[in-house]
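K.L.:
Just so you know, the protein sequences line up as chains A and B, in that order.
Numbering of the first sequence is given in the working numbering, commencing with residue 55 and proceeding in unit increments.
Numbering of the second sequence is given in the working numbering, commencing with residue 55 and proceeding in unit increments.
In short, the hints are calculated from the structure, not lab data.
Glycine included, C-beta positions come from ideal geometry on N, C-alpha and C.
Among these hints, one or two may not hold up.
[Stated by the list, open to error] 30 Å max Cα-Cα, derived DSS-like pairs, lysine-lysine:
# : chain 1 : residue 1 : chain 2 : residue 2
1 : A       : Lys110    : A       : Lys91
2 : A       : Lys91     : B       : Lys91
3 : B       : Lys110    : B       : Lys91
4 : B       : Lys135    : A       : Lys110
5 : A       : Lys110    : B       : Lys91
6 : A       : Lys91     : B       : Lys135
7 : A       : Lys135    : B       : Lys110
[Stated by the list, open to error] Output of the computed footprint for chain B on chain A, the stretches with three or more beta carbons under 8 Å from beta carbons of chain B:
#  : region
8  : 77-89
9  : 93-103
10 : 112-124
11 : 137-146
12 : 191-197
Take a look at the letters that make up each chain.
2 protein chains.
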Amino acid sequence: MTTETEPARRPLNRSRVVQAAVAIADREGVDALTMRKLAGELGYEVMSLYNHVANKDDLLDAMVDAVAAEIDIPSADNPWKTAVRSIAMSAHDVLLRHSWASALWSSRWPGPARLRHMESILVALERAGLPAGAVDMGFHAITMHVQGFTLQKLSFGLAANLDESAARFLREVPADDYPRLTGHVHYHLAGSSQPGAFGFVLDLILDGLAPA
Amino acid sequence: MTTETEPARRPLNRSRVVQAAVAIADREGVDALTMRKLAGELGYEVMSLYNHVANKDDLLDAMVDAVAAEIDIPSADNPWKTAVRSIAMSAHDVLLRHSWASALWSSRWPGPARLRHMESILVALERAGLPAGAVDMGFHAITMHVQGFTLQKLSFGLAANLDESAARFLREVPADDYPRLTGHVHYHLAGSSQPGAFGFVLDLILDGLAPA
DNA sequence: ACCTGAACACCGTTCAAGT
DNA sequence: ACCTGAACACCGTTCAAGT
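Generate the whole structure from the sequences, applying the supplied hints.
P.N.:
Now the structure itself:
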């Protein structure tokens, strides 16, 4: 019976494997991503994956690069500060969307999309006409800001989970021992936390690099 | 034969377990840390560990807190900027010493030592007499800076491995496609990378928070 | 209270075999 | 060229048994 009711499987390829892996990590976290589950979700056996991916390490590298590909690259006719700002904002957004990616970001070898992303930051900074070495230091300041800030936001349970995390904190941590920290959590709970904190500190860095 | 030549085993306890785990992670990376290896190194069987640690998750939390305990807390009679600066510098040093810790930092629930560390930053910032909300935002700016910068330094192979990482980069990444990135790597290779970049950007943030 | 051995339900990956 | 099943060497952890 070759003409069965079962739907014809779409053929597997590298980008379908990577895409499905990203979807699982987005949905359940990167720890829940196993080769067996990934294969099952695609409708194949585990070992089929190894025709399109060298191993799990290779898969993780590819996933990070797929995320990097989502980051905008501004056109060259914007003023340099606008360009750097838009790259940083876009990277921040993308990393928040894929909450597992920030943690892998620094430990994975960069693929083509991430190389293009890094290059675009350097290109924009170079247009600022900074003194020697300032471009290189600015590069680190910017990328560090994006990664550090994103990690920080994610660490305390983003948006939906913020109330839950804060409640757990206030329940488990004695306010008498850590009064300011308790106050800081209340600041977040009150919803008064600056939505523009990311951009504010970013501007501190940009203005520091090229004082008016 | 109770009086054998074999050395009497020192009794196990939580802090010995955590300390040994930190030593393994420092030496071989956190991925190489398995419960079996940890037990073996201490001279016990695997399941003995579970008398002192709830599970591996608990162990990792405890390891991060052991690292946090190494960070200096300045006395209250320093000027606030000096205090914040010394906390940040010390945290940066400590995280560089335990190269696996930065990656866990944000995802682990804080223990007492890390709570004290966070509290100390808030205490120092509060002495600056900043406008409302600035303390809370400054707190994030500082901790983000420390974590982001440390991760960044570690990601490109610290000190000893920098030449190796750079060489691999120049070998694998075509200079024609990424000219500025290639230039940036040469900047690092030339040893001209600012040793004080961490402090420089930190001062940008501090000065931005409290303009003179 | 602390330590141990066997066992269980998982992992990623190798290898030989199919089409 | 791509897919599969069985097998291997690992994991963390449960459980019952020892002292």
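K.L.:
For every hint, state whether the structure bears it out.
P.N.:
How the hints compare with the structure:
no.: 1; hint: A:Lys110 - A:Lys91; in the structure: holds (13 Å)
no.: 2; hint: A:Lys91 - B:Lys91; in the structure: holds (28 Å)
no.: 3; hint: B:Lys110 - B:Lys91; in the structure: holds (13 Å)
no.: 4; hint: B:Lys135 - A:Lys110; in the structure: violated (46 Å)
no.: 5; hint: A:Lys110 - B:Lys91; in the structure: holds (23 Å)
no.: 6; hint: A:Lys91 - B:Lys135; in the structure: violated (51 Å)
no.: 7; hint: A:Lys135 - B:Lys110; in the structure: violated (45 Å)
no.: 8; hint: 77-89; in the structure: violated (count 0)
no.: 9; hint: 93-103; in the structure: violated (count 0)
no.: 10; hint: 112-124; in the structure: violated (count 0)
no.: 11; hint: 137-146; in the structure: violated (count 0)
no.: 12; hint: 191-197; in the structure: holds (count 5)
Checked against the numbered hints given earlier, this structure breaks hints 4, 6, 7, 8, 9, 10, 11; the rest are met.
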